[in-house]
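Just so you know, the sequences run in chain order A and B.
Taking the UniProt record's numbering, the leading residue of the first sequence gets 1, the next gets one more, and so forth.
Taking the UniProt record's numbering, the leading residue of the second sequence gets 1, the next gets one more, and so forth.
These are computed hints drawn from the structure, not numbers from a lab.
Fair warning: this is a prediction, and the values are worked out from it, not measured in the lab.
It is possible that some hints are incorrect.
No farther apart than 25 Å at their CA atoms in a straight line, the calculated lysine to any residue pairs in the SDA-like style are these [claimed, not checked]:
1. B:Lys95 with A:Glu115
2. A:Lys101 with B:Ser255
3. B:Lys239 with A:Glu245
4. A:Lys265 with B:Arg89
5. A:Lys97 with B:Lys256
6. A:Lys103 with B:Pro241
7. A:Lys251 with B:Asn31
8. B:Lys186 with A:Arg162
9. B:Lys256 with B:Lys235
10. B:Lys121 with A:Thr247
11. A:Lys95 with B:Gln58
12. A:Lys97 with B:Lys186
13. A:Lys265 with B:Gly167
14. A:Lys103 with B:Asn258
15. A:Lys97 with A:Glu115
16. A:Lys101 with B:Lys95
17. A:Lys103 with B:Asp236
18. B:Lys95 with B:Glu147
19. A:Lys123 with A:Thr247
20. B:Lys125 with A:Thr247
21. A:Lys95 with B:Ala240
22. A:Lys100 with B:Arg89
23. A:Lys97 with B:Gln58
24. B:Lys235 with A:Gly249
25. A:Lys70 with A:Ala40
26. A:Lys59 with A:Glu299
27. B:Lys53 with A:Asp98
28. B:Lys148 with A:His275
29. A:Lys101 with B:Glu242
30. B:Lys235 with A:Pro294
31. B:Lys253 with A:Leu94
32. A:Lys197 with B:Trp234
33. A:Lys95 with B:Arg273
34. A:Lys100 with B:Lys253
35. B:Lys239 with A:Ser99
36. A:Lys111 with B:Leu259
37. B:Lys95 with A:Thr247
38. B:Lys186 with A:Leu288
39. A:Lys70 with A:Gly128
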Amino acid sequence: MRDALNMSWFEKLLPSRIRTDATTAKKKTIPEGLWHKCPACKAVLYRADLERNLEVCPKCNHHERLSGRKRLEMFLDESNREEIAANIEPIDFLKFKDSKKYKDRLTAAQKETDEKDALIVIKGQVHGVPLVAAAFDFRFLGGSMGSVVGERFVQGANEALRQNIPYIVFSASGGARMQEALSSLMQMAKTSAVLTKLAEADIPYVSVLTDPTMGGVSASFAMLGDIIVAEPRALIGFAGPRVIEQTVGEKLPEGFQRSEFLIEKGAIDRIITRHKLRADIIDMLCMLTHKPQPANMEEIDAIAKPEVIKPVEDDETEEKPAEQ
Amino acid sequence: MNPDFLDFEQPIAELEAKIDELRYVSSSDVNLGDEVERLEEKVNTLTKSIFSKLTSKQIGQLARHPKRPYTFDIIDRIFTDFQQLHGDRAYGDDKAIIGGMARFEGNPVMVIGHQKGRDTKENIKRNFGMPRPEGYRKALRLMKMAEKFHLPVITFVDTPGAYPGIGAEERGQSEAIARNLFEMAKLRTPIVSTIMGEGGSGGALAIAVADKVMMMQYSTYSVISPEGCASILWKDAAKAPEAAEALGITADKLSKLNLIDRIITEPLGGAHRDYDAVSSSIREALEASLRELRALSTDQLLEKRYQKLMSFGQFDS
């Protein structure tokens, strides 16, 4: 009955069989799979175009979230890939049950994502430069960090350490995984600790913040990169906007906790659009490790993605120094 | 309802009130000493029985008890010559975290802890024990100083969590916490942390990466507050008692998971009943921990700390 009150006068006139509530109506206008409506600019995009453009809206440069595996497939060269710590799988060691059992939540997430947990680690190359890359899958229980994420992160770092190659981590996480309770909190300490070993060995660690990177992930390894870059408009912060709003009792400023806000506050090094991530990261890594720049980097990326639609130029933040 | 007692302690409060009455009457003509003694015995048994089966929620209430001993109360009782040091040298002095040098059993140490306020005015000053980035950066500055001058670091944890505010985010709350985790993992001096009251998530951990983590018997340590957890997972903040149970936030449960090293027993009725007794238990536990850690070389100490950090988590492989 509450719905009826929210209806416009026009909807009320319709016989109930024709009435549809707003949410189902919206879903029906875009058939699944073929078309995609950009959540930022509302442009209706041909799904294949969006994919070719690395899941970035060609009209407004909105960066769609990527699954962990897709992220790594996009980032790494096609050859010489080797997954690390894939055998590490989650268990419900606390028999945690809220409105649902953790065990059931895990099974559902595994089914939905085809992954065992929220972090995927792959040793591979970018433009022939060997490195270890890890990426979160936000669809897997909000990319939350529990024991498996922590252990896989550590094993990825250890592999980088053994091979003396850089470590790149793409974060997309709501924070620590509540269903593993304090053990999840301890993953913050565990992941941060392994980074001390990379630091001692002078191995570059690059943290790439993608939408969203919050809570315990943000407050541990994500903010510890030698270089910290973010994709445009990613939500990044410690406390969630809703919690902050409730605590301080005021409306948050526009753009609060977005990449552009963080760079203004000096929290991150760069905002890099998805099309330039491979080239820019590998170039910086080559400088840090005193290696020559791979030949024709940008061309290779362009050839690999022949139908890339030129994105809207947005990377202005790096051109001009911060205003004071 | 007696405000000095928590809801589940009300039967104790009623008996205590009766004893007070009897004492008052007894002081005139009649001698009711026997009756008083009998009732005192009864209070004791009753308290024991109530405290022998506390729920996680009730332990949470004790951890947040307004009369719970705070860091300053402990410093006063177990350290001498506390020399407080202020500020992060960059932005400001966060009064939710205090720190400085002091002597413990005659030896210099660095003491750092969250500090809550006793009344509204002090709570505002101390931000209810919720630090901002400058608090964590002050703590780190003091820890690095301790490392440089070979002082053990002793921390006391009692916070609802790191402050979720606009300014805190602007000044890099995440980075400040992360930096402490990183630096504490490799700090070349012994670190002993004691969870005194509330161990609120990242805000607690940021000064609790340690060689020895001790928990007061009725303290809590959790990845998220039961209220927060309940409102996210149950979509109902009223389910906080269930969430507290599920999260296993109490010392005995965390000890079984090897997430903490030692439980410090509290006096009957909780730490707030007897500050001196609590302090002497903490002193004893600190003394034992430090003695054990001093026997290790710095490299052994760091290796042990690192292996302990790496051991956290359970999974199939």
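So, going through the hints one by one against the coordinates:
no.: 1; hint: B:Lys95 with A:Glu115; verdict: 45 Å, violated
no.: 2; hint: A:Lys101 with B:Ser255; verdict: 24 Å, holds
no.: 3; hint: B:Lys239 with A:Glu245; verdict: 22 Å, holds
no.: 4; hint: A:Lys265 with B:Arg89; verdict: 18 Å, holds
no.: 5; hint: A:Lys97 with B:Lys256; verdict: 19 Å, holds
no.: 6; hint: A:Lys103 with B:Pro241; verdict: 21 Å, holds
no.: 7; hint: A:Lys251 with B:Asn31; verdict: 66 Å, violated
no.: 8; hint: B:Lys186 with A:Arg162; verdict: 20 Å, holds
no.: 9; hint: B:Lys256 with B:Lys235; verdict: 29 Å, violated
no.: 10; hint: B:Lys121 with A:Thr247; verdict: 18 Å, holds
no.: 11; hint: A:Lys95 with B:Gln58; verdict: 22 Å, holds
no.: 12; hint: A:Lys97 with B:Lys186; verdict: 36 Å, violated
no.: 13; hint: A:Lys265 with B:Gly167; verdict: 11 Å, holds
no.: 14; hint: A:Lys103 with B:Asn258; verdict: 22 Å, holds
no.: 15; hint: A:Lys97 with A:Glu115; verdict: 22 Å, holds
no.: 16; hint: A:Lys101 with B:Lys95; verdict: 41 Å, violated
no.: 17; hint: A:Lys103 with B:Asp236; verdict: 21 Å, holds
no.: 18; hint: B:Lys95 with B:Glu147; verdict: 23 Å, holds
no.: 19; hint: A:Lys123 with A:Thr247; verdict: 42 Å, violated
no.: 20; hint: B:Lys125 with A:Thr247; verdict: 16 Å, holds
no.: 21; hint: A:Lys95 with B:Ala240; verdict: 18 Å, holds
no.: 22; hint: A:Lys100 with B:Arg89; verdict: 48 Å, violated
no.: 23; hint: A:Lys97 with B:Gln58; verdict: 20 Å, holds
no.: 24; hint: B:Lys235 with A:Gly249; verdict: 21 Å, holds
no.: 25; hint: A:Lys70 with A:Ala40; verdict: 21 Å, holds
no.: 26; hint: A:Lys59 with A:Glu299; verdict: 23 Å, holds
no.: 27; hint: B:Lys53 with A:Asp98; verdict: 23 Å, holds
no.: 28; hint: B:Lys148 with A:His275; verdict: 45 Å, violated
no.: 29; hint: A:Lys101 with B:Glu242; verdict: 13 Å, holds
no.: 30; hint: B:Lys235 with A:Pro294; verdict: 51 Å, violated
no.: 31; hint: B:Lys253 with A:Leu94; verdict: 10 Å, holds
no.: 32; hint: A:Lys197 with B:Trp234; verdict: 39 Å, violated
no.: 33; hint: A:Lys95 with B:Arg273; verdict: 35 Å, violated
no.: 34; hint: A:Lys100 with B:Lys253; verdict: 22 Å, holds
no.: 35; hint: B:Lys239 with A:Ser99; verdict: 10 Å, holds
no.: 36; hint: A:Lys111 with B:Leu259; verdict: 31 Å, violated
no.: 37; hint: B:Lys95 with A:Thr247; verdict: 19 Å, holds
no.: 38; hint: B:Lys186 with A:Leu288; verdict: 24 Å, holds
no.: 39; hint: A:Lys70 with A:Gly128; verdict: 19 Å, holds
Going down the numbered hints, you'll see the structure goes against 1, 7, 9, 12, 16, 19, 22, 28, 30, 32, 33 and 36, while the others check out.
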